[in-house]
Every structure is written in structure tokens, then in C-alpha cells.
Amino acid sequence: MARMKFLCDADRCIECNACVTACKNEHEVPWGINRRRVVTISDGKPGERSISMACMHCTDAPCAAVCPVNCFYTTADAVVLHSKDLCIGCGYCFYACPFGAPQYPKVGNFGSRGKMDKCTYCAGGPEADGSKEEYEKYGANRLAEGKLPLCAEMCSTKSLLAGDGEIIAQIYKERVMKRGYGSGAWGWKTAYREAIES
Amino acid sequence: MTSFGRFIRLALGAWALLICVTVAPASSQQVNPTASSVKEQQLLQELHRIQGRVSIPDQRSGVLEQPQGREWREFRNVTLPWIGGIAILGMIVGIVIFYLTVGMVRLEAGRSGRAIVRFNAFERFVHWLTATCFIVLAISGLNITFGRPLLLPLIGFEAFSEWSQWAKFAHNYLSFPFTIGVVVIFLMWIGGNIPSKVDIEWAKRGGGLIGHDHPPAYRFNGGQKMIYWIVVVGGGLVSASGYALMFPFYGTGIEGMQMAQIVHSIVAVLFVAAMIAHIYIGTIGMEGAFEAMGTGEVDVNWAREHHSLWLDEQMGRTGPNDGRPQPATAAAE
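Chains as they are written, first to last, in the numbering used here: chain A, 1 to 198; chain B, 199 to 531.
These are calculated hints, taken from the structure and not from any lab test.
For clarity, every value in this text was computed on a predicted model and none was experimentally measured.
Incorrect hints may appear among the rest.
[Claimed, not checked] Simulated restraints on C-beta separations:
| id | chain 1 | residue 1 | chain 2 | residue 2 | range |
| --- | --- | --- | --- | --- | --- |
| 1 | B | Q239 | A | P46 | 15 to 23 Å |
| 2 | B | Y448 | A | M177 | 45 to 53 Å |
| 3 | A | G180 | B | P347 | 45 to 53 Å |
| 4 | A | G114 | B | R268 | 22 to 30 Å |
| 5 | B | G449 | A | R3 | 36 to 44 Å |
[Unchecked claim] Cross-link-like lysine-lysine pairs, in silico, DSBU-like; alpha carbons within 35 Å at most:
| id | chain 1 | residue 1 | chain 2 | residue 2 |
| --- | --- | --- | --- | --- |
| 6 | B | K237 | A | K147 |
| 7 | A | K158 | A | K45 |
| 8 | A | K84 | A | K178 |
| 9 | B | K237 | A | K173 |
| 10 | A | K158 | A | K173 |
| 11 | A | K147 | A | K24 |
| 12 | A | K84 | A | K24 |
| 13 | A | K189 | A | K45 |
| 14 | A | K158 | A | K132 |
| 15 | A | K158 | B | K237 |
| 16 | A | K45 | B | K237 |
| 17 | B | K237 | A | K189 |
| 18 | A | K189 | A | K84 |
| 19 | A | K178 | A | K189 |
| 20 | A | K106 | A | K147 |
| 21 | A | K173 | A | K189 |
| 22 | A | K106 | A | K84 |
| 23 | A | K24 | B | K395 |
| 24 | A | K137 | A | K178 |
| 25 | B | K237 | A | K178 |
| 26 | A | K189 | A | K106 |
Built from N, CA and C at the ideal position, the CB exists for glycine as well.
Work the whole structure out from these sequences, hints included.
Following this line, the structure appears as C-alpha cells:
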């Protein structure tokens, strides 16, 4: 089985936010929630870089480890998913997540945050693949249709890569070799405990 | 002279231009755009988190990476269960051993048949309001830490999630009456709970828990003052840290919430351990103690043995020690 990962080539990202928009539209993500966002570091200064970030689907995911009701599960493709039926909206995953992926539809309201929402790697949830219930809770299940996450698929500069970890790492390494530089796979050390040497 | 100076300047300018033209193409071939770019590991080492600008309305999502969630995870999954387990189980085991070896603190003189008012209706109401809230808060709170390993395997995912959902609502909403209770307790009993020399003597004699000793005490003895301050300080800390968690991003960030959770949970488990001791001594640990918070009246002999100075005060033999008007009803039945 493939080990699915995201890789954002920061030297290619032009901060067009197409990935953000694609994600919101594909899954009809609730108002106020962004499963993916583009963060620009050192904006306007020399050496500025933009990185598209969502749930990294960590190896040994912290969110799953701290969840008090154990609502997370990892698929055969190593995608970290969760059940909104089991989620109690306690906020623990969101304290533990290094990437700010878990979000809640209600921020205040005496701590009743509602069900947590995060990037599903376009792989839906525990409901039957492609069912109406699954779509309403988690959005589209592209993976079940043999398609990769839409954010990466429609990235205009092919900065954001999604797919099997070894393959996308290979693509990135070839790029770095050819152009002679690369600022590394952002978040990989934190999420997967490995870095791509460049 | 001026024409010579002009010639020198022109020559130097031409020379400089020549250098630029010949050197520049050579250097442009070696451009490395990442040489000056921001680097992940460097940023993480410098700031422990990476933050930037986002163009979406949610400005909090500008935090790209904050790996310290890892330390918090270690605390939540390993450190806290150990602290809580040792504190709470240790307290229960200690009390069971104490009860089995020393047993209940008896009323030595027996009952006199005469009662004296110890806590009026308002005091008892506030006590039980806080106490019932505390018990629900404690159980629903312990569920968050210990429910997944202990209860979930027994009742299954759906039932455990359903129960935890309700427990969370109870935890959030009952925090308000609990906090009010703590504040009123603080104001209501502060007068009798300022530590004094009498408490040192009381503590030296072990509070009269073992043997037949009855060290003198005013309305609240050393142990009760300790419980009072645990409730006031502990209750204050859990309330403050709890509200920081209940209202995310009101004055805190993720790091602030991790800290709040650490403070909240450590204080809470120690608080629970302390309250187990308090419940023990108020019920099966001491004869005649429960009625102080039950009916509000205690036997005069009980008052003489455990709060002799307070009884004297009530009987009008000595002046009030805390400057606070005591209930004037010192009469019998």
C-alpha cells in the first residue's frame, strides 16, 4: 500500500491560493474553516517563501494520540481520518497538532466547539465511500475514485505534490538536482520524522 | 588643473564600468535563490514556531508549524496519568489503610444531646452547590484523562463518545456555579481561615487524628483551613485555566492553551485527591462530623472535642477571634 503524503515545494509556490479555493469548493467546507491555507514567511522581504499547509497526515499522529474518545483512525494509505460521530469537540487534537489542522465550526459558545473538521486527504470519512452522509460530513472522497487530492492536482506550478511519499520525494529530489537548489520539504521532519536532503 | 581632475575621474569611471561588465555575467550563472531564503529548521530553532502571513480571514492560521504540541502530548498521555494516578490512588490507599488501622475518630464523651449551630442554611447551600458541581466536574474531567484507557474498552466507542459528550457539556456548564461557589466560600469563610499560632500547635499534635488527643481550635482547625485554602487557590486556578480553554483565543494562543491545560489538569487531580480526604473525614472518618454540613447543627460534645475555642466563643466565654459576627444561636435544640 502507498504511504500518502503532501509535499510543498516552497521554491515553486507563488501564493495563488488555488489549492485553498479548490479545497473549499470541492468539499463545501463550512464557512470560517479552511482545511488548507497558504502561509507566507518573511512577506515582502528577501528570501520570502510561501508554503501551502493542511493536515500532514503524520506518522504516529499527535491528534490521534491525545484524543480522549479515540475518534481518529489511519487508513491503509496512511491517511489520518476521524469520525465526526465520535468527536466531542474537546479541542485536544488542536492543542497537539503542530500544523494547526483541526478546526471547529464554533469558536466560542461556552466551549461547545462542534465537531472538529480537518483535511481528509480527499478521502472522506468512516461512512460508505461516496455516500451522501460522507459528503455532508467530510466532503468528497476522491481517493476512493482513484484520484489524488484536488489541491495538489490543480496546483498551477506543481508546487504542491500529493501521492505516495517515496514517489513525491523522488520527484522533489530530481527537481532539486536539476535546478541546483531547494529549501526542503516543509513540515516533513515534524510530521514524518524524516527530511529530504537537498 | 580642473581638466586634469576631470580626466582622472573619467578614467576611473571607465575602469569601474569595465570591471562591472566583465564580472557580472560570471556571477549570475551561480545564483542560488535559497541561499537567502527562510529555512524551516533555522526558524524552528530560533522561534520554536513558524509564523507568517495568510490572505484568508482567519489570521490565526498564519501559524505554519508549532512542534511543541509533542511535549504537550507527552504530558497529556504519560505525565498526567502518572501524577493523577499516584495522587488519587495513593490518597485512596492511604485512607483505606488509615481507616483499617486507626479507624473512625470517635466522640469520646459520647453525645450530650445538646446541639449547637455550626453552619447556617446559606453556608450549607453554598457548600453543597460547590460540592455537587465539584463531583460532576471531577468525574467528567477524569473521564477525559482516564476514560479512553479504562472505560472505552468496556462500553465501546459509541456509548463512550455519547457519555463523554454529555460529560463535556456538564463540565463546561457546571463550571459557572462551581466558580460562583468558590468565590462565595472565599468571602464567606475567610474570617475564620487566617492561619494562626493555634494551627501550629494543632498541627504539632497531629490534629488529634491519632490517639485521644484533642488540640484546641477555633471555628476552623488547621486541617480545615488547609482544605479552605486548597478550595480557594485550587478552585481559582482551575476556574481561570478552565475558562482559558473554554474560550479559545481570547487572550491565549495554542501555547497558552497547552499551558492552561497543564495547570488545569495538575491542579485538578491534586484537588480531587485532597477532596477525597475531605469527604472521608467529613463522613466515615469522624463521628458526628457530617451533621455539621447535614443538619447544620453539631453536638456540643463534638464541638468541645474538636473546636473547643470556638465553643467557648459561642458560649460567650471568650471574645470573638476573627472579628466576624458569628451566628448568635448558641442555644440547645
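Checking each numbered hint in turn, tell me which of them this model violates, lowest number first.
Violated: hints 8, 23 and 24.
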